[in-house]
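K.L.:
Chain by chain, the residues:
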Amino acid sequence: QQQVKQSPQSLIVQKGGISIINCAYENTAFDYFPWYQQFPGKGPALLIAIRPDVSEKKEGRFTISFNKSAKQFSLHIMDSQPGDSATYFCAASMPPWNFNKFYFGSGTKLNVKP
Amino acid sequence: NAGVMQNPRHLVRRRGQEARLRCSPMKGHSHVYWYRQLPEEGLKFMVYLQKENIIDESGMPKERFSAEFPKEGPSILRIQQVVRGDSAAYFCASSMQGNQPQHFGDGTRLSIL
Numbered sequence: 001q002q003q004v005k006q007s008p009q010s011l012i013v014q015k016g017g018i019s020i021i022n023c024a025y026e027n028t029a030f031d032y033f034p035w036y037q038q039f040p041g042k043g044p045a046l047l048i049a050i051r052p053d054v055s056e057k058k059e060g061r062f063t064i065s066f067n068k069s070a071k072q073f074s075l076h077i078m079d080s081q082p083g084d085s086a087t088y089f090c091a092a093s094m095p096p097w098n099f100n101k102f103y104f105g106s107g108t109k110l111n112v113k114p
Numbered sequence: 115n116a117g118v119m120q121n122p123r124h125l126v127r128r129r130g131q132e133a134r135l136r137c138s139p140m141k142g143h144s145h146v147y148w149y150r151q152l153p154e155e156g157l158k159f160m161v162y163l164q165k166e167n168i169i170d171e172s173g174m175p176k177e178r179f180s181a182e183f184p185k186e187g188p189s190i191l192r193i194q195q196v197v198r199g200d201s202a203a204y205f206c207a208s209s210m211q212g213n214q215p216q217h218f219g220d221g222t223r224l225s226i227l
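Going down the list, the protein sequences come from chains U and B.
Residue 1 is where the first sequence starts when you use the working numbering, and the numbers rise one by one after that.
Residue 115 is where the second sequence starts when you use the working numbering, and the numbers rise one by one after that.
Read the hints as simulated data drawn from the structure, not as lab findings.
Do not take every clue at face value.
[Stated by the list, open to error] The calculated DMTMM-like cross-link candidates involving lysine to aspartate or glutamate, where the alpha carbons are at most 25 Å apart (straight line), are:
(1) U:K109 x B:D200
(2) U:K101 x U:E26
(3) U:K71 x B:E155
(4) U:K101 x U:D79
(5) U:K58 x B:D200
[To be verified] Distance windows between CB atoms, simulated:
(6) B:V197 x U:K42: 22 to 30 Å
(7) U:Q2 x B:K176: 16 to 24 Å
(8) B:K185 x U:F39: 32 to 40 Å
(9) U:G83 x B:I168: 33 to 41 Å
Just so it is clear, CB atoms sit at the ideal spot from N, CA and C, and this is done for glycine as well.
Put together the whole structure using the sequences plus the hints.
P.N.:
This is the structure in structure tokens:
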């Protein structure tokens, strides 16, 4: 079954707007939540990540909001730019793995209109 | 380019043939992961290897699929007797340690005729 559910499947945002992508999970053992950005023909690249001991993490225009009680986390892209157009994946992993065994969401295709 | 290198980038096989996908990890990385991505879907974990050892293959189909990471040379994902359903993008990632960030290659797009 899908361990991490992601929405929306696609998103169109005007340049300068805010892009919001949401993910939800069921397994409370997850303790590491990264977001990956993937351009066509390329592999995913780590964008930003959060652990459940904080509710928000910001890096430049990218912010992760984390709601532990609701088991949800989201990616906010402020001042969205056409260069942000890509597919975004959320993921989650849990201990006691000795490695990050990721469960990925199904992806959100973001299109930022000039 | 010191990134994760995968080859070939595109591979076409007929049903019943074998497919071999190669992955050279980043310099200094001894942990390799293989993922499969079907169209319009996220990545699904297949297998995790350290040098010469398979650590976790819980995401690998039980038949026809195998992976290795020899002492010398790249990691190989082998698919025997390919079927149409094997058509996908296969991504390799590497890390320095198991719990450190994984860096992805640009994938191999496998098409089965």
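K.L.:
With reference to the structure, classify each hint as holding or not holding.
P.N.:
Structure-based check of all given hints:
Only pairs whose Cα atoms come within 25 Å are accepted, and U:K109 paired with B:D200 is accepted, the gap being roughly 23 Å. Simply put, U:K101 and U:E26 have alpha-carbon atoms about 16 Å apart, close enough for the 25 Å limit, and the pair holds. At roughly 22 Å between alpha-carbon atoms, U:K71 and B:E155 fall within 25 Å of each other, so this suggested pair holds. A hinted pair counts as satisfied when its Cα atoms are at most 25 Å apart, and U:K101 with U:D79 does not qualify at roughly 32 Å.
With a C-alpha separation of about 39 Å, the suggested pair U:K58 and B:D200 falls outside the 25 Å cut-off, and the hint is violated. B:V197 and U:K42 have their C-beta atoms about 27 Å apart, which keeps the hinted 22 to 30 Å range intact. Taking 16 to 24 Å as the suggested C-beta distance range, the pair U:Q2 and B:K176 conforms, at roughly 21 Å. Hint check: B:K185 to U:F39, Cβ distance near 34 Å, so the stated range 32 to 40 Å holds.
One distance hint, 33 to 41 Å for the beta-carbon pair U:G83 and B:I168, holds here, with the actual separation near 39 Å.
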